[in-house]
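Peer 1: Now for the letters of each chain:
2 protein chains.
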Amino acid sequence: MKNDPRWQKALYTTETYNEEGLEGHAFVADGLKVATSSPLNDHPGTNPEQLLGMSLCTCLEATMQAVEKEHGLKHTSKVRAKITYIGERAHYEFLVHAQICVPGVDLDQASQLVAETEKRCCVSQLLSGSENYSVEAVKEWD
Amino acid sequence: MKNDPRWQKALYTTETYNEEGLEGHAFVADGLKVATSSPLNDHPGTNPEQLLGMSLCTCLEATMQAVEKEHGLKHTSKVRAKITYIGERAHYEFLVHAQICVPGVDLDQASQLVAETEKRCCVSQLLSGSENYSVEAVKEWD
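Protein chains in written order, with our numbering: chain B, 33 to 174; chain X, 33 to 174.
Isolated chain B (complex conformation) (with noise of 0.2 Å):
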């Protein structure tokens, strides 16, 4: 994968680190660092759920906008994520389930916009292969 020569087709490169853990920080180089803790304990600080969620949640609504763009529609669309972390000891997993809300549009045409975004979000694409990941499409937040 390192090889791939797809990487040299870059539209862009980040590098991100943690040298800490759980219990430290996470930063980008030159960008963005924040506090991270454990979603164990109520130290302050973020953990890798949230920041998950968060990309997650952004890719989508950035794809739904390019979508209902295309379809000629106004955009209404908002999206949230629900990340939630199961198991026991050395084995853990993360339940990831987005929703999306088009208030715009009915319950059906929304379902087909969000199937298309599924496809094209990145963030979407690279959890796709997990029988975790899902994404619905709702009339609105329950």
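A couple of the hints might just be wrong.
[Said to hold, decoys possible] Covered stretches of chain X (in silico footprint by chain B; criterion: 3 or more residues with CB under 8 Å from a CB of chain B, positions within the stretch not fixed): (1) 50-63; (2) 80-94; (3) 106-120; (4) 123-134; (5) 138-151; (6) 161-172.
Hints in this document: simulated from the structure, not taken from any laboratory.
Quick caveat, the model's predicted, so the values are computed rather than measured.
Where is the CB? At the ideal position from N, CA and C, for every residue including glycine.
Assemble the complex: chain B is given as a structure, and chain X must be docked to it using the hints.
Peer 2: Here is chain X on its own, set in the frame of chain B:
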């Protein structure tokens, strides 16, 4: 997936949102809010690539710490990830390559620890179905 009974076994759950797109904000319910912007302009803000990279690095580093401890090793590992955006109109992808440096052991042992970590890290598990994702042990940052 939404009805997967494993959702009932949550050790932790978080909800994240983006309602504005790439030029906007991503946020956690009652938590962190970050400005986002396209990776293709110089507007201030983070982006899906960086958020995903920080999530992956933090999860890999936390898992490495646990693995080092279980092997009776001092914690010396550090993690970085390179995320590249490639493609063209209506078909974009991310390439994700993580590197783990473990100065305290030789490269053979580091590779074994990294292989164990790759299987156990929750974010790595989610990405493992993608051909665009890889992890390697390295002697030092190149």
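Peer 1: Examine the region 106-120 of chain X for residues whose CB is less than 8 Å from any CB of chain B, and state whether their number is three or more.
Peer 2: holds (count 11)
Peer 1: Can you take a look at whether the region 80-94 of chain X is actually covered by chain B? Rule is 3+ residues, C-beta closer than 8 Å.
Peer 2: The restraint on the region 80-94 of chain X holds, since 15 of its residues have a Cβ under 8 Å from chain B and three suffice.
Peer 1: Can you take a look at whether the region 161-172 of chain X is actually covered by chain B? Rule is 3+ residues, C-beta closer than 8 Å.
Peer 2: holds (count 7)
Peer 1: According to a criterion of three or more residues whose C-beta lies within less than 8 Å of a C-beta of chain B, is the region 138-151 of chain X covered?
Peer 2: violated (count 0)
Peer 1: Holds or violated: the region 50-63 of chain X covered by chain B, criterion of 3 or more residues with Cβ-Cβ distance under 8 Å?
Peer 2: holds (count 10)
Peer 1: Three residues minimum, CB to CB under 8 Å: does the region 123-134 of chain X make the cut for coverage by chain B? Let me know.
Peer 2: Since 7 is at least three, the answer is holds.
This entry does not satisfy hint 5, going by the numbered hints stated previously; all others are met.
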